[in-house]
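Participant: Sequence:
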Amino acid sequence: MRRVVPVILAAAVAAGAFWLGRGTAPQPPPVAQAAPERQILYYQNPDGSADFAPTPKKDAQGRDYLPVYADAEPAPAPKPAGKILYYRNPMGLPDVSPVPKKDGMGMDYVPVYEGDEDAGNTLRVSLDKVQKLGVRTEAAERRTLVQPIRSVGTVQVDERRLHIVAPRFEGYIERLAVDQTGQKVTRGQTLMEVYSPDLVLAQQEYVAAAQGARALENAAPEARASAQALAEGALSRLRNWDVGGQVERLRKGGAPARTVALPSPVTGIVLEKRAVQGMRFMPGETLYQIADLSTVWVVAEVFEQDLARVDAGQAATVTFSALPGMRFTGTVTFVYPTVTAETRTARVRIELPNHEGHLRPALFGTVEIAAPVAAGTVISVPDSAVLDTGDRQAVLVERGEGLYEPRTVKTGMRAGGFIEVKEGLAAGEKVVVSANFLIDAESNLRAALKSFRNP
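Residues in the sequence shown are numbered from 1 upward in steps of one, following our numbering.
Quick caveat, the hints were computed from the structure, so don't treat them as lab data. Computed from a predicted model, the values in this text were never measured in an experiment. For glycine and all other residues, C-beta sits at the position ideal for the given N, C-alpha and C. There's no promise every hint is true.
[As the list claims (entries may be wrong)] Straight-line C-alpha distance at most 25 Å; calculated SDA-like pairs for lysine to any residue:
(1) Lys430 to Glu405
(2) Lys273 to Gly284
(3) Lys273 to Ala166
(4) Lys430 to Ser384
(5) Lys184 to Gly357
(6) Lys83 to Val99
(7) Lys430 to Asp103
(8) Lys129 to Leu387
(9) Lys101 to Arg143
(10) Lys132 to Lys184
(11) Lys430 to Arg143
(12) Lys430 to Gly134
(13) Lys184 to Ala362
(14) Lys132 to Val99
(15) Lys273 to Glu405
(16) Lys410 to Lys102
(17) Lys410 to Gln393
(18) Lys422 to Ala435
(19) Lys422 to Pro382
(20) Lys129 to Gly104
(21) Lys273 to Gln393
(22) Lys410 to Leu387
(23) Lys184 to Glu351
(24) Lys129 to Asp383
(25) Lys129 to Asp103
(26) Lys83 to Arg124
(27) Lys422 to Glu351
[To be verified] So the derived label-pair ranges between C-beta atoms look like this:
(28) Gly417 to Arg63: 36 to 44 Å
(29) Thr144 to Ala426: 13 to 21 Å
(30) Gly417 to Gly390: 20 to 28 Å
(31) Met279 to Thr186: 23 to 31 Å
(32) Leu162 to Ala225: 40 to 48 Å
(33) Gln183 to Val373: 44 to 52 Å
(34) Glu342 to Pro148: 53 to 61 Å
(35) Gln228 to Gly357: 46 to 54 Å
(36) Gly278 to Ala308: 55 to 63 Å
Taking the hints into account, I'd like the entire structure generated from these sequences.
Facilitator: Next comes the structure, spelled out in structure tokens:
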């Protein structure tokens, strides 16, 4: 019995092995193999610059240098900037070198690559250099060149707005309504009340003639016409004495008045007052002088050599030391035909508005007259666009993006930050007005390169 059991067990094991072999027997798990260690060639600055180290290190900001492995994908090579032709002075001085060097301040000379060569008479500058240099262009335009003429002048009353009050009859001043010099009055305001025997008599004559004309309404036509003519004659005398308000009152049936009110003929300032209460005045005697100061004159003294450029209609600006921060703009209205022998100057009249009343007669000021330096419009460019070597003048004309053509021009007059171009430039062409000296300097350096390439 003991011998039978081992035999059965052995047979069962053999049978199981047979049937498992015919099926999918479980496989043992694979043994993990250690990854091969990557070879580090060197360490590179984390900002990607060409700064390498053979061993790990940190940059100035405490960042670890990045390892570069032997099996890493090679970085794409940067596009070559071209062959270095020469090195120029970093300060733009006319100094070049065929090899790298430093200037007196320790600054590296700047390399100039092939491809920035001049194309014929056109200078090519890369777009990044255009941005770094701050190149700015502006089109040549036709404009009127204006050069101000400076002078001095004084404020004067506009003679067309000056009025005097002078009664046309004899009388006495009963009451003064305006009794101060410098007082402001309005048109129609009563200045004074006067008594005149002649004026009272003329009123009485008109009243009597008017009453007689009404009494003769049924009389013969000749009698009515005579009475009406007598009444009209009395009214005419009152009108000639410039007392129109009294005439209207009498025509409406009013009684003769002992005193008459004299009104102001204009709105303005009383510059002179000679009337005194109770005084007797004669016909034509000046009692008031009133000026309308809403517009004033500034009479400037202009030197005789500048008179040819001054004409009526030109704009003028006047400033006054008594009115700091204020500028008044007016127009030249008249150039006086005479010259003062002692000062060799001529007077020029400028009309200024004085709405707020700041300008007072006899005020002293500085005058600038915008006088053109040429007749009509001329082609002009900003004066910064012209490169003047002493014997010739040139500009840099923009021919495209990064393309500039040096062109000799013939210049004329200068005024107001602009210069006239007589020849060599047409209206609408764009010229360099900023950094043109640096572009011209680089052009000269490239011309000097020939001495290095062709010894």
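Participant: Now tell me, hint by hint, if it's right for this structure.
Facilitator: Verification of the supplied hints:
| no. | hint | verdict |
| --- | --- | --- |
| 1 | Lys430 to Glu405 | holds (11 Å) |
| 2 | Lys273 to Gly284 | holds (15 Å) |
| 3 | Lys273 to Ala166 | holds (11 Å) |
| 4 | Lys430 to Ser384 | holds (13 Å) |
| 5 | Lys184 to Gly357 | holds (11 Å) |
| 6 | Lys83 to Val99 | holds (13 Å) |
| 7 | Lys430 to Asp103 | violated (35 Å) |
| 8 | Lys129 to Leu387 | holds (20 Å) |
| 9 | Lys101 to Arg143 | violated (49 Å) |
| 10 | Lys132 to Lys184 | violated (65 Å) |
| 11 | Lys430 to Arg143 | holds (15 Å) |
| 12 | Lys430 to Gly134 | holds (16 Å) |
| 13 | Lys184 to Ala362 | holds (18 Å) |
| 14 | Lys132 to Val99 | holds (24 Å) |
| 15 | Lys273 to Glu405 | violated (74 Å) |
| 16 | Lys410 to Lys102 | violated (40 Å) |
| 17 | Lys410 to Gln393 | holds (7 Å) |
| 18 | Lys422 to Ala435 | holds (23 Å) |
| 19 | Lys422 to Pro382 | holds (14 Å) |
| 20 | Lys129 to Gly104 | holds (24 Å) |
| 21 | Lys273 to Gln393 | violated (66 Å) |
| 22 | Lys410 to Leu387 | holds (11 Å) |
| 23 | Lys184 to Glu351 | holds (22 Å) |
| 24 | Lys129 to Asp383 | holds (23 Å) |
| 25 | Lys129 to Asp103 | holds (21 Å) |
| 26 | Lys83 to Arg124 | holds (16 Å) |
| 27 | Lys422 to Glu351 | violated (36 Å) |
| 28 | Gly417 to Arg63: 36 to 44 Å | violated (52 Å) |
| 29 | Thr144 to Ala426: 13 to 21 Å | holds (18 Å) |
| 30 | Gly417 to Gly390: 20 to 28 Å | holds (21 Å) |
| 31 | Met279 to Thr186: 23 to 31 Å | holds (24 Å) |
| 32 | Leu162 to Ala225: 40 to 48 Å | holds (44 Å) |
| 33 | Gln183 to Val373: 44 to 52 Å | holds (48 Å) |
| 34 | Glu342 to Pro148: 53 to 61 Å | violated (25 Å) |
| 35 | Gln228 to Gly357: 46 to 54 Å | holds (51 Å) |
| 36 | Gly278 to Ala308: 55 to 63 Å | holds (58 Å) |
Hint compliance for this structure: hints 7, 9, 10, 15, 16, 21, 27, 28, 34 are not met, and every other hint is.
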